[in-house]
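Enquirer: Residues per chain, in single letters:
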Amino acid sequence: MRPVMRLLVLAAVVALGLLFVLPLWRITLQAPQYPEGVVMEIWLREFRGQIDLINGLNHYIGMRPIRQEDFPEFAIMPWLILGLIGSGLLVVLLNRRWLLGVWNALFALIILIGLADFYRWGYEYGHNLDPRAPIKVPGMSYQPPLIGSKQLLNFTAYSYPAAGGLIAFASFLVGTAVFTAECLYARKQGLLCLERRATLPTA
Amino acid sequence: MTARTLSRTALWLLPVCVASIAIFLSGCPGPKQTVATGDAASLVYVPPGQYDEFYAFLSGGFSGQVTVYGLPSGRLFKIIPVFAVHPENGYGYTPETQPLLMTSYGFIPWDDTHHPELSQTDGVPDGRWLFINSNNTPRVARIDLRTFETVEILEIPNSAGNHASPFVTQNTEYVVASTRFSVPIPQKDVPIATYKQNFNGTISFIKVDPQTGRMELAFQILVPGYNYDLSHAGKGPSHGWAFFTAYNTEQAHTLLEVNASQHDKDFIAAVNWKKAEEYLAQGKYREMPAEYYHNVYDERKHMATSRVLTKVKVLIPSECPGIIYYLPTPKSPHGVDVDPSGEYIVAGGKLATVIPVHSFSKMLKAIEERQFDTIIDGIPVLKYDAVIAGEVKTPGLGPLHTEFDGKGYAYTSHFVSSEVVKWKLGTWEVVDRIPTYYSLGHIMIPGGDSRKPWGKYLVAMNKITKDRYLPTGPELVQSAQLIDISGEKMRLLLDFPTLGEPHYAQAIPAEIVMKNSLKVYPLQENAHPYAVKSPEQARVERKGNEVHVYMTAVRTHFRPDNIEGIQVGDKVYFHVTNLEQDWDIPHGFAILGSNTAELLIMPGQTKTLVWEPKKPGVYPFYCTDFCSALHQEMQGYVRVSPRGANVPLTYGTGTE
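Those protein sequences? They're chains H and Y, same order as listed.
Mapping of the first sequence onto the numbering used here: position 69 corresponds to residue 69, and the numbering continues sequentially without gaps.
Each position in the second sequence, counted from 1, maps to that position plus 1000 in the numbering used here.
Bear in mind the hints are in silico, worked out from the structure with no lab data behind them.
Where hints are given, some of them may not hold.
What the hints assert, rightly or not - The calculated lysine-lysine pairs, modelled on DSS-like cross-linking and capped at a C-alpha distance of 25 Å, are:
1) Y:K1393 to H:K136
2) H:K136 to Y:K1571
3) H:K150 to Y:K1274
4) Y:K1274 to Y:K1393
5) Y:K1365 to H:K136
6) Y:K1515 to Y:K1571
What the hints assert, rightly or not - Selected chain Y positions facing chain H (in silico; Cβ < 8 Å):
7) H1263
8) T1310
9) L1351
10) L1397
11) P1435
12) V1647
Using N, Cα and C, we set each Cβ at its ideal position, and we do this for glycine too.
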């Protein structure tokens, strides 16, 4: 990789460290009586925000309370990110285009699994309702949107990546962009993308 | 996959990623528009010195009082003390008013007022009296709209949580009351878990004397142990009937939020009170022992008295067929509101997804054809399809209560979706909706529950205030919104703060009430046993340890204003008569160290402050209501000597 590209990858990898201090995802619930919104944030290691308030509201529709300890993901996610950072650093250190490709694929996999897992939880909480709930609207389920907004009775639920999530996407984007750019560069030089050059230019 | 195709795939990824980031950044929640539009300010502006168009009477909820506002300005005119003591004017502290707050449980300084209801003649508010219920310790009060004072309180025996009250029949023949909390009737010591066997509700009919307004508990109907929530009487063709919502037909006694929300349909109880009168006349009632207070304020004596009643007539539905029917009604109904024509009975099923409207004529037909689902404790349950006139589909979330504009439209409050929904009677179509701030309970249109609504304004009484006013710490005032309903579209005109928690309100054109409003109490009619009608009669009398001060107040002195010879251990009664006969010249009375509230005495009125001095000394008293230019001079002294001192009892005014 060209030095500037390598630096970019380094920045993308280091930026992932911010995921430990920034929220990944934010669900905001707005209702006529909650014009200021009710917020729930997903962080790498925990939920933050007005979880108790949301649980209090959800009990009317018979939704299971959201409890931190029900989510093993919070024990796994920090390691996954640490793994990405570690392997990312290795990519920068070893300076191999194909390694960057593998790292990108790994990252994409983690993102996809994460989103799928998020959807699964949303589905489960939104559909498995207590049949004895005070408010039962025929045909109504309360699955929050994966990304975007959705009307759930008097609440509009907004679900979007927060700063940490955006940084992760940006990091992934940079990795992919560098990989693409390096491939194009390699092609210009008559090489295939994953083809190794006999001698590497010293950085 | 070759390396080349892989590199091409990577190229594609780039725009996808950019696009997805763009999606994330869009569609964030924006601020709400809450500003009144157009000429709203001029529509609610009542120029200085001019009058509002309507009197509005709002219940005080947990303040226990009634508040009087002007509409459309939203200006507060008066707090009428009813079920809670009011130190501002001595209500509930003076011996004259304490009997009003007596109950079979003793003296109670507080209650929870819910629903004001104006007396009606021919189904139209007549501006004579305002009735209001207390929910906690069941009572009904009557306020005289000549004086805007509480003049009568009747305790309801065999009851708890008097919520479906005090709605009136078309000519104020009756005021109703009922049990939101079923209890053992008569009360007894039983396990709570025996709810289904031992608990019952009652529906009470209080007869109102057409001349004096005096209330009398005519009869009670013993009903199954559900929660009877709200009521409205029939009118026009349905005159002679009264309707009550009943929820918790599950008969839960714990965790009602879940356990009382299980049935798809609860009930509206339709009571044929004319039929009940017939049974009563035939003697088909049971006389049950019951202890309850009837407290009446005598406006001439300026004094209330209590009497204890010991019996009540109870009708049992199984013994009196035809007095009560149940109409199945979706999901824990709250309001039951009869339209101006008297044909439609609208329910607010607070967990329902429709607003069901029953038809009175279909109900009569269903009764005639005996279209019963079942019979519960002698009460036939009519078939839903046989009584339903129509359903308003998907009106909003959490429908609670409906009022009418007299122009063919109904307005239903929706707590959960925080909006008023306007719909058309007969077609059941929603024609307009307007948000309120936030989560309203009841709504009120002047005369909106009568045969002739003055359908110009609607007041939404909100349960949540949040950011509507400057913040005042955790405890916020409750907020009402005035909405213009004169046009096709509803328009928000005004926010105004309300006191306590108004659960319902009534309003009436000002001209009906204001012409009867009393300016002063005629002094010559003052029949208070301790009144003094002229300064010469002012005096002090000792009867053992009791000292009675017959005091007058007039601008700008008390008579007597120097009193000596009072001793520690005496019980001193200051009976203060305001000799003024001039409009709006009250006098106040308070004395240093007094352990009770002040007096605020209206012109021509006598009130009493009881004082038990504990230490020797000289105690100033003064007028607390700025009455004139020399108000600050309106004061006096009482000398208190040790017990057994030989200071003679002397008094006077103006002798240096």
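Enquirer: Does K136 (chain H) pair with K1571 (chain Y) here, judged by a C-alpha cut-off of 25 Å?
Expert: violated (63 Å)
Enquirer: Let me know if the C-beta of P1435 (chain Y) comes in closer than 8 Å to any C-beta of chain H, holds or violated.
Expert: With Cβ-Cβ at 6 Å, under 8 Å, it holds.
Enquirer: Measure nothing beyond the straight line between the CA atoms of K1393 (chain Y) and K136 (chain H); if it is 25 Å or shorter, mark the hint as holding.
Expert: Holds, because 16 Å separates the two Cα atoms, which is no more than 25 Å.
Enquirer: Within a Cα-Cα threshold of 25 Å, do K150 (chain H) and K1274 (chain Y) meet the stated pairing?
Expert: Roughly 53 Å separates the two Cα atoms, so the pair is violated.
Enquirer: Holds or violated: is there a CB of chain H closer than 8 Å to the CB of H1263 (chain Y)?
Expert: violated (11 Å)
Enquirer: Just to be careful, I want the Cα atoms of K1274 (chain Y) and K1393 (chain Y) compared with a cutoff of 25 Å; is the pair within it?
Expert: Measuring from Cα to Cα gives roughly 34 Å; hence the hint is violated.
Enquirer: Have a go at the V1647 (chain Y) hint: is there a Cβ in chain H nearer than 8 Å to its own Cβ?
Expert: violated (66 Å)
Enquirer: With chain H as the partner, please determine if L1351 (chain Y) meets the hint condition of a C-beta pair closer than 8 Å.
Expert: Holds - the Cβ of L1351 (chain Y) comes within 8 Å of chain H, reaching about 6 Å at its closest.
Enquirer: Assess, step by step, whether the Cα of K1365 (chain Y) is no farther than 25 Å from the Cα of K136 (chain H), and give holds or violated.
Expert: The hint is violated at about 33 Å.
Enquirer: Using 8 Å as the Cβ threshold, decide whether L1397 (chain Y) counts as touching chain H.
Expert: Since the shortest Cβ distance to chain H is 5 Å, the answer is holds.
Enquirer: Hint check: is the beta carbon of T1310 (chain Y) less than 8 Å from a beta carbon of chain H?
Expert: This interface hint is violated because 42 Å lies over the 8 Å limit.
Enquirer: When you check the alpha-carbon spacing of K1515 (chain Y) and K1571 (chain Y), does it fall within 25 Å?
Expert: Not satisfied, since the Cα-Cα distance of roughly 42 Å exceeds 25 Å.
Violated hints, in rising order: 2, 3, 4, 5, 6, 7, 8 and 12; the structure is consistent with all others.
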